[in-house]
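Student: Using the numbering used here, the final residue of the first sequence is 576, and nothing's skipped along the way.
In short, the hints are calculated from the structure, not lab data.
As the structure is a computational prediction, the values presented were derived from the model and not from experiment.
One should not assume that every hint holds.
Here are the simulated DSSO-like cross-link-like pairs (lysine-lysine), alpha carbons at most 30 Å apart as the crow flies [to be verified]:
1. Lys-311 x Lys-397
2. Lys-549 x Lys-397
3. Lys-369 x Lys-249
4. Lys-149 x Lys-463
5. Lys-463 x Lys-155
6. Lys-463 x Lys-571
7. Lys-573 x Lys-249
Computed spacing ranges between beta-carbons, pair by pair [said to hold, decoys possible]:
8. Lys-571 x Arg-274: 33 to 41 Å
9. Val-283 x Gly-187: 19 to 27 Å
10. Arg-398 x Ile-539: 34 to 42 Å
11. Pro-493 x Arg-154: 34 to 42 Å
The beta-carbon is built from N, C-alpha and C at its ideal position, and this holds for glycine as well.
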Amino acid sequence: MRRIVWWARRDLRLTDNLTLHSALRDAASVIPVFILDPKLWQSRKLAPARRQFLCDALADLDAQLRERGARLIVREGEPARELERVVNETQADAVYFHRDFTPFARQRDARVIAALAKLGARVETFDDNYLAAPEQIAKDDGAPYVVFTRFRLRFEERVGLPMRFSARGDFGVPPEIASNDLPRVTRDPRVARGGETVGAKLARAFVRRDDGLRAYAATRNDLARDATSHLSPHLHFGTVSVRELVRAARAADAGQPGKAWLDELVWREFYMHVLYHFPHAARGAFKREYAALPWENDRATFAAWCEGLTGYPVVDAALRQLNETGWMHNRARMIVASFLTKDLLIDWRWGEKYFLQNLVDGDVAANNGGWQWAASTGTDAQPFFRIFNPVLQGARFDASGAYVRRWLPELGRVPTKYLHAPWTMPADIARQAGITLGKTYPAPMVEHALQRERALRLYRKQKSEG
DNA sequence: TGAAATGTTGGGGCG
DNA sequence: ACGCCCCAACATTTC
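Start from the sequences, fold in the hints, and give me the full structure.
Tutor: Next comes the structure, spelled out in structure tokens:
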């Protein structure tokens with residue numbers, strides 16, 4: 111009787127899961143395993159919000175498996191070694207898992223495949239959490255794409271309406287092997303709940319609601335409304351199926367706004383594609399002429415950015431939102447990234463790392479792509495002279511000031527007119543609003559106009575020197 | 001998926 | 001009536 115280990119990673123769901131579907135099809139007994147890699151799990155830098163979301167997802171997965179008479183085996187340790195053990199203990203014939211394309215994951219999986227080959231266990235991998243495999247999209251000459259609009263054209267040619275893979279079948283009798291308890295953390299109610307059950311509800315609501323998918327193009331930049339889908343952490347951990355999302359969005363026939371949202375999924379594909387084909391981008395600038403930009407990298411300045419103490423309200427509100435909830439509005443991500451790189455002259459990789467550690471949806475490929483876009487070092491990035499003005503961005507995308515007031519209650523009584531530039535407030539109004547710059551709220555740590563000029567000089571010089 | 005600088009136009013005030 | 005200036009509004013160019 112055939113036993114197959116389903117090594118669950120970033121596919122923590124039963125619905126429309128190609129790997130699970132294949133295991134149930136091929137085996138009389140399927141053993142779901144999740145491995146906590148101490149390299150990630152024990153890292154002190156891993157934000158509680160991320161931990162919490164993953165714990166939710168594992169608990170939900172286990173609960174669903176129990177309804178099917180199975181359970182989730184949780185192990186902690188080096189993946190290759192733990193899988194060897196599981197295979198030995200269960201006498202499994204094969205291990206199935208989906209491909210993950212980050213450099214770290216590819217190395218890890220190569221070790222796993224080598225270790226299992228020695229044991230004589232069959233390994234099969236599947237492409238599950240992207241719509242297209244990285245090899246599937248290429249120019250006519252076989253080269254990978256580096257420009258989004260061309261990538262999208264080819265993507266639309268090659269990727270139709272995705273299939274659905276059922277999880278029909280029997281898991282068989284759960285093996286009597288050791289499992290760690292499900293990891294638990296103290297829940298913070300400000301952090302989004304994880305898990306397939308929540309993800310499915312969120313997806314359904316977003317596609318159906320009038321202010322969801324149908325309004326996306328018009329509302330997505332409104333910081334206070336926060337009308338984006340919030341599905342990114344679910345996409346990262348695979349607690350929703352990206353194929354299911356495409357089917358649902360297409361079925362909703364939401365016109366142009368729906369297409370704008372589907373485009374965001376294509377960006378996700380594009381950034382994975384780029385990282386896969388250009389691994390050097392994981393470590394530094396995709397555009398090599400910007401590999402050695404002389405960043406100032408002042409540690410105290412960076413700390414102020416992290417804590418949301420820059421003195422620019424829209425920037426500070428965004429960082430506080432991140433620190434308190436593990437989430438940041440996408441428009442705000444662009445604003446703070448522009449500010450870190452072009453106003454504070456700090457290496458985008460510092461910000462990239464901070465995001466990856468603290469965002470619940472922190473995803474190597476999308477995060478790297480986004481930061482390189484903002485820093486103008488990436489594929490199809492914004493040109494270096496596009497520099498966001500944090501005051502104007504605040505006024506445009508948080509016109510009512512509700513976003514800033516929500517995350518910076520100390521500015522609650524500042525009139526909207528001055529909210530995004532409190533240093534311009536006349537003394538008597540500041541007194542009435544209870545603001546003493548430098549005390550109740552920081553004075554701006556840099557002058558935007560000045561820093562903009564410095565950034566322009568820096569990039570221009572670097573570009574000419576190659 | 002910018003912003004600032006610079007250029008152009010046209011209406012109104014004024015001598 | 002006319003030229004001149006000012007400047008807001010809009011357009012274009014530049015970074």
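Student: Does each hint fit the structure? Answer for all of them.
Tutor: Hints, verified against the model:
no.	hint	in the structure
1	Lys-311 x Lys-397	violated, 40 Å
2	Lys-549 x Lys-397	violated, 42 Å
3	Lys-369 x Lys-249	holds, 23 Å
4	Lys-149 x Lys-463	holds, 15 Å
5	Lys-463 x Lys-155	holds, 10 Å
6	Lys-463 x Lys-571	holds, 26 Å
7	Lys-573 x Lys-249	holds, 27 Å
8	Lys-571 x Arg-274: 33 to 41 Å	violated, 53 Å
9	Val-283 x Gly-187: 19 to 27 Å	holds, 25 Å
10	Arg-398 x Ile-539: 34 to 42 Å	violated, 50 Å
11	Pro-493 x Arg-154: 34 to 42 Å	holds, 38 Å
When the structure is compared with the earlier hints, violations turn up for hints 1, 2, 8 and 10 and for no others.
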